Structure formats: structure tokens, C-alpha cells
Amino acid sequence: MQSHARGHLVYAASGVLAVHTERGTSIVPANRVAWTPAGFTHYHRAHGDTDMRIVFLAPSIARLIPEHPAVFLASGLAREVLLALTGPRNHDPAAPDYSRSARSRLLRVLVDELREAHEQPLHLPEPRDDRLQAIARMLHERPADNATLAELGKTIGASTRTLSRLFRNELGMTFYEWRTQLRIYHALVLLADGHDTTQTAYACGWANPSSFIAAFTNIVGTTPGRYRTSRRTTARASQLPTVLKSPD
-9 MQSHARGHLV
1 YAASGVLAVH
11 TERGTSIVPA
21 NRVAWTPAGF
31 THYHRAHGDT
41 DMRIVFLAPS
51 IARLIPEHPA
61 VFLASGLARE
71 VLLALTGPRN
81 HDPAAPDYSR
91 SARSRLLRVL
101 VDELREAHEQ
111 PLHLPEPRDD
121 RLQAIARMLH
131 ERPADNATLA
141 ELGKTIGAST
151 RTLSRLFRNE
161 LGMTFYEWRT
171 QLRIYHALVL
181 LADGHDTTQT
191 AYACGWANPS
201 SFIAAFTNIV
211 GTTPGRYRTS
221 RRTTARASQL
231 PTVLKSPD
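Taking my numbering, the leading residue of the sequence shown gets -9, the next gets one more, and so forth.
Keep in mind the hints are simulated off the structure, nothing from the lab.
No experiment lies behind these values; they were computed from the predicted model shown.
Any given hint could turn out to be false.
As the list claims (entries may be wrong) - Mimicking SDA-like on lysine to any residue, the simulated pairs with C-alpha atoms at most 25 Å apart in a straight line are:
1. Lys144 / Glu116
2. Lys144 / Ser154
3. Lys144 / Pro117
4. Lys144 / Ala134
5. Lys144 / His130
6. Lys144 / Met163
7. Lys144 / Glu131
8. Lys144 / Glu160
9. Lys144 / Arg132
10. Lys144 / Leu129
11. Lys144 / Ala124
12. Lys144 / Ala197
13. Lys144 / Glu167
14. Lys144 / Ala126
15. Lys144 / Arg118
16. Lys144 / Thr164
17. Lys144 / Glu106
18. Lys144 / Arg121
19. Lys144 / Gly162
20. Lys144 / Arg127
21. Lys144 / Arg155
22. Lys144 / Met128
23. Lys144 / Leu172
Said to hold, decoys possible - Restraint ranges, calculated between C-beta atoms of paired labels, are given here:
24. Ser91 / Ala137: 53 to 61 Å
25. Thr213 / Thr145: 33 to 41 Å
26. Arg121 / Val99: 39 to 47 Å
27. Ser201 / His130: 15 to 23 Å
28. Val99 / Asp135: 40 to 48 Å
29. Tyr33 / Met163: 17 to 25 Å
30. Tyr166 / Gln189: 18 to 26 Å
31. Ile146 / Thr213: 31 to 39 Å
32. Thr212 / Thr152: 32 to 40 Å
33. Thr212 / Thr164: 18 to 26 Å
34. Tyr166 / Thr219: 23 to 31 Å
35. Arg127 / Thr219: 18 to 26 Å
36. Ala140 / Gly66: 44 to 52 Å
37. His58 / Ala124: 21 to 29 Å
Cβ coordinates follow ideal geometry from the N, Cα and C atoms, glycine included.
Throw the hints in and build the complete structure from the sequences for me.
Spelled out as C-alpha cells, the structure:
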């Protein structure tokens, strides 16, 4: 666990990242950008062959993007700026470094691109209530569990009405919406580890691959098959090493 005086962007050039904060987990598949504001305690976890890039933002420019953790789709321009800001020019003594003014201009372009992008529904909020936490632990351990909310409530000693109210008031979504988000997170991890669409669908609790494909496409914006193909393509196109820029 760590926190920084500056907010930072984490980019998955390939692979899948998870950014964990006290607010929940941001799921960051390839070509997404996760934003963690200054002061948020967090940790990162990589799944599969992941190329992670980090860019810190000064408060003067960070104020232009949300004050809460968020995930954005990286446009083609945003992707190239992120790769440029974390490429060889930043660590290879033989390569000419960007001037301060050039780097500032690139950062402004990057932030402008993110401001134009819609937040992705890839943030899984973390429950605070003990009863919701118990349900979350069970479903993280067994994402394929198709128990109803009533059945889960019997296990932990809470009524369906109480749990439904807690999900809406605390997490801003229904139980079924939250469980779908959780399953998509696990699906992204399995796809990153090389599992195919059918294996992933059943492992994450879908009755058949077609219903999984529909849910995955609705949240991630592309089919699991195309997503796996884009991961391989992006990984081949991005061969630069990871660079962690100091926030201080």
C-alpha cells in the first residue's frame, strides 16, 4: 500500500491491471487509463503479461480531471502521448530528453484527451458494511456462484430487502449489477492468463458463452475474442520498458 503527493495515471499498454484503493477496485484492461488522485492509499496488481506505465500529474493540471478514482478509454493520441512520456527519452542517457515546456505540453494534451473521454464502468466499489463485505468475500472466492441475494442473505443473516437497500445506498448499484462487474473483473484476469471465451464464461458464472459475450461487450466495449486479439496486437506494438516517474 502506498500514497503519493501527486495524482497519477496508470496505463495498461498490454495486459490487465487492478488498482485497489479504499473506494474499491479499478479494473484496467489494455488501452485503458486509471486515475488515482493525490493522497489515495492504493496498490497495483498486474495480471498476465502486463506493460504498465505511470505518469504523475502536478496539482495545477490534475484539477482538470475527477477528484475520485476513475478509468478512461485511451484514445490513439492519448496512448501515443503516454508511451512518449514513459519511453526511452525519459531514462536513456543517449536519448535527448524532453524539455520542461515540451513535457508540459504533452501532459496538457493527455489531460485534454481524458477530459473528452467518458469514464468507463470498470470501477468495482468496495463495500463498507460488514454484511456486504461478507458477500463480497464469498463471490470473489467463487465468482461462478449463482446464489440469489436471498440465499446469500440467509448465509449471513440479513434480509433481501436490507441487502438490496445497502447495495443501492452504499454502492450505487443493484446486487446483480455489482456481481456482473465483479465477474467481468475476474473474466479479464482469466483472459489475460490465456483462457478462452468458453472457459472464462463458465468459470465466471455465465450459463453460456453468448450471454457472457453480451455482458462483456456491454461493459468493456468489445467482445472477449476481439479483446484478446487487441491485447496481443498492442503487446507487439509496445516494446518499451516500464518507467516509474518519481512524484517528488
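Evaluated hints:
Distance restraint check for Lys144 and Glu116: the Cα-Cα separation of roughly 22 Å lies within the 25 Å cut-off, and the hinted pair is therefore satisfied. A distance of roughly 14 Å separates the Cα atoms of Lys144 and Ser154; the hinted pair therefore holds under the 25 Å criterion. Pair hint Lys144 plus Pro117 holds up; C-alpha atoms about 19 Å apart against a cutoff of 25 Å. Note on Lys144 and Ala134: the hinted pairing holds, with a Cα-Cα distance of about 19 Å set against a maximum of 25 Å.
Between the alpha carbons of Lys144 and His130 the distance comes to roughly 18 Å, so the proposed pair stays at or under 25 Å and holds. Proposed proximity of Lys144 and Met163 is supported: the alpha carbons are some 21 Å apart, at most 25 Å. For the hint linking Lys144 to Glu131, the alpha-carbon distance of about 18 Å falls within 25 Å, and the restraint holds. The straight-line distance between the Cα atoms of Lys144 and Glu160 is roughly 20 Å, inside the 25 Å bound, and the hint therefore holds.
Restraint check: the Cα-Cα separation between Lys144 and Arg132 comes to about 17 Å, which is no more than 25 Å; the hinted pair holds. Taking the CA atoms of Lys144 and Leu129, the gap is near 15 Å; set against the 25 Å cutoff, the hint holds. Pair hint Lys144 plus Ala124 holds up; C-alpha atoms about 12 Å apart against a cutoff of 25 Å. Note on Lys144 and Ala197: the hinted pairing holds, with a Cα-Cα distance of about 24 Å set against a maximum of 25 Å.
Of the pairs offered as hints, the one joining Lys144 and Glu167 holds, with about 20 Å between alpha carbons and a cut-off of 25 Å not exceeded. Taking the CA atoms of Lys144 and Ala126, the gap is near 15 Å; set against the 25 Å cutoff, the hint holds. As the CA atoms of Lys144 and Arg118 are separated by approximately 19 Å, the hinted pair is consistent with the 25 Å bound. A distance of roughly 18 Å separates the Cα atoms of Lys144 and Thr164; the hinted pair therefore holds under the 25 Å criterion.
About 45 Å separates the Cα atoms of Lys144 and Glu106, which puts this hinted pair outside 25 Å; it is violated. Pair hint Lys144 plus Arg121 holds up; C-alpha atoms about 11 Å apart against a cutoff of 25 Å. At most 25 Å may separate the alpha-carbon atoms for a hinted pair to count; Lys144 and Gly162 meet this at roughly 23 Å. The straight-line distance between the Cα atoms of Lys144 and Arg127 is roughly 15 Å, inside the 25 Å bound, and the hint therefore holds.
For the hint pairing Lys144 with Arg155, the CA-to-CA distance comes to about 16 Å; that is within 25 Å, so the pair holds. Only pairs whose Cα atoms come within 25 Å are accepted, and Lys144 paired with Met128 is accepted, the gap being roughly 13 Å. With a CA separation close to 21 Å, the supplied pair Lys144 and Leu172 stays within the 25 Å bound. Evaluation of the 53 to 61 Å hint for Ser91 and Ala137 yields a pass: the beta carbon distance comes to about 58 Å.
For Thr213 and Thr145, the hinted distance range of 33 to 41 Å is satisfied, since their beta carbons lie about 34 Å from each other. Between Arg121 and Val99 the Cβ separation comes to about 46 Å, which falls inside the hinted range of 39 to 47 Å. Distance hint for Ser201 and His130: a CB-CB separation of about 21 Å, consistent with the stated range 15 to 23 Å. Val99 and Asp135 have their C-beta atoms about 45 Å apart, which keeps the hinted 40 to 48 Å range intact.
With their beta carbons about 24 Å apart, Tyr33 and Met163 fall inside the hinted range of 17 to 25 Å. As the Cβ distance of Tyr166 to Gln189 is approximately 23 Å, the hint placing it in 18 to 26 Å holds. The given range of 31 to 39 Å is respected by Ile146 and Thr213, whose C-beta atoms sit roughly 36 Å from each other. Judged by the Cβ atoms, the range 32 to 40 Å given for Thr212 and Thr152 holds: they are separated by roughly 37 Å.
A C-beta distance of roughly 24 Å is found between Thr212 and Thr164, which places it inside the suggested range of 18 to 26 Å. About 29 Å separates the C-beta atoms of Tyr166 and Thr219, a value consistent with the hinted range of 23 to 31 Å. About 34 Å separates the C-beta atoms of Arg127 and Thr219, a value inconsistent with the hinted range of 18 to 26 Å. Evaluation of the 44 to 52 Å hint for Ala140 and Gly66 yields a pass: the beta carbon distance comes to about 47 Å.
In this structure, His58 and Ala124 meet the distance hint of 21 to 29 Å, their C-beta atoms being roughly 25 Å apart.
Checked against the numbered hints above, the structure breaks hints 17 and 35 and satisfies the rest.
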